[in-house]
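Visitor: Heads up: the sequence shown begins at 525 in my numbering, then just goes up one per residue.
Misleading hints may appear alongside valid ones.
Unchecked claim - Here are the simulated distance ranges between beta carbons: (1) P607 <-> P570: 49 to 59 Å; (2) I619 <-> R587: 20 to 30 Å; (3) F635 <-> R588: 39 to 49 Å; (4) Q639 <-> M672: 39 to 49 Å; (5) W579 <-> P662: 50 to 60 Å; (6) R641 <-> M604: 38 to 48 Å; (7) L645 <-> K673: 36 to 46 Å; (8) P637 <-> M672: 25 to 35 Å; (9) P607 <-> W579: 41 to 51 Å; (10) A647 <-> R588: 42 to 52 Å; (11) E608 <-> L645: 30 to 40 Å; (12) N602 <-> K569: 24 to 34 Å.
No wet-lab data here; the hints were simulated from the structure.
From the three backbone atoms N, C-alpha and C, an ideal C-beta is built for every residue, glycine too.
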Amino acid sequence: MFGKGKDSVRGKSRPRPSQRADDGFDASPENTDLSLVQDNGNGQKPKNIMETKAWKESAGGARRFWHNYLNTLSTAFNRMSRPEQEQLITRISQIVAIGTAVITMNAWYWFLPQQVRVVALPAIVVASWFVGTKVMAPAMIARFEKHMKPPEE
Numbered sequence: 525m526f527g528k529g530k531d532s533v534r535g536k537s538r539p540r541p542s543q544r545a546d547d548g549f550d551a552s553p554e555n556t557d558l559s560l561v562q563d564n565g566n567g568q569k570p571k572n573i574m575e576t577k578a579w580k581e582s583a584g585g586a587r588r589f590w591h592n593y594l595n596t597l598s599t600a601f602n603r604m605s606r607p608e609q610e611q612l613i614t615r616i617s618q619i620v621a622i623g624t625a626v627i628t629m630n631a632w633y634w635f636l637p638q639q640v641r642v643v644a645l646p647a648i649v650v651a652s653w654f655v656g657t658k659v660m661a662p663a664m665i666a667r668f669e670k671h672m673k674p675p676e677e
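Model the full assembly from the supplied sequences, consistent with the hints where possible.
Guide: Structure, rendered in structure tokens:
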């Protein structure tokens, strides 16, 4: 009544993997598709993963995705007016500056006395906003000048 070993469930034995209904995923070794593994044509296994067909196909897909993403960004950026382009670059510079300051501050924040923390956090956030707005953004705008619309006069 209590089973026929550890494979029993209420007196019935569990079906073997080959007897189970197809659940859509079979990771058994006998069903390995070697067409994605053996790619170098001489029947030998590749020396590293970058020589496999699967790697090459996925890397090509990732390159196409990245290229399409950059095209989308370029198209959207080119549709903006010059002030909108400058505002976007300024916002991104602010985000990068503040984010970098917060992540850096996180490393030593807990070692500061509480009274210093209260003053340091807002001071560092304001200082990083200033650096992002007044230092980074003009430098990035100058760097992207050839990709931006000409200034309106």
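Visitor: Run every hint past the structure and note whether it holds.
Guide: Structure-based check of each hint:
1. Remark: the range hint 49 to 59 Å for P607 to P570 is upheld by a beta-carbon distance near 53 Å.
2. At about 27 Å, the CB distance of I619 to R587 agrees with the hint of 20 to 30 Å.
3. Against the hinted window of 39 to 49 Å, the Cβ-Cβ separation of F635 and R588 comes to about 47 Å, which satisfies the hint.
4. Between Q639 and M672 the Cβ separation comes to about 46 Å, which falls inside the hinted range of 39 to 49 Å.
5. Taken as a hint, the range 50 to 60 Å is violated for the pair W579 and P662, whose Cβ atoms sit roughly 42 Å apart.
6. The hinted range of 38 to 48 Å is satisfied by R641 and M604, whose Cβ atoms lie roughly 40 Å apart.
7. For the pair L645 and K673, the beta carbons lie near 38 Å from each other, so the given range of 36 to 46 Å is met.
8. One distance hint, 25 to 35 Å for the beta-carbon pair P637 and M672, is violated here, with the actual separation near 46 Å.
9. In this structure, P607 and W579 meet the distance hint of 41 to 51 Å, their C-beta atoms being roughly 45 Å apart.
10. Checked against the given bound of 42 to 52 Å, the beta carbons of A647 and R588, roughly 46 Å apart, stay inside it.
11. Taking 30 to 40 Å as the suggested C-beta distance range, the pair E608 and L645 conforms, at roughly 32 Å.
12. Between N602 and K569 the beta carbons are some 47 Å apart, a value that contradicts the proposed interval 24 to 34 Å.
Hints 5, 8, 12, counting from the list given before, are not met by this structure.
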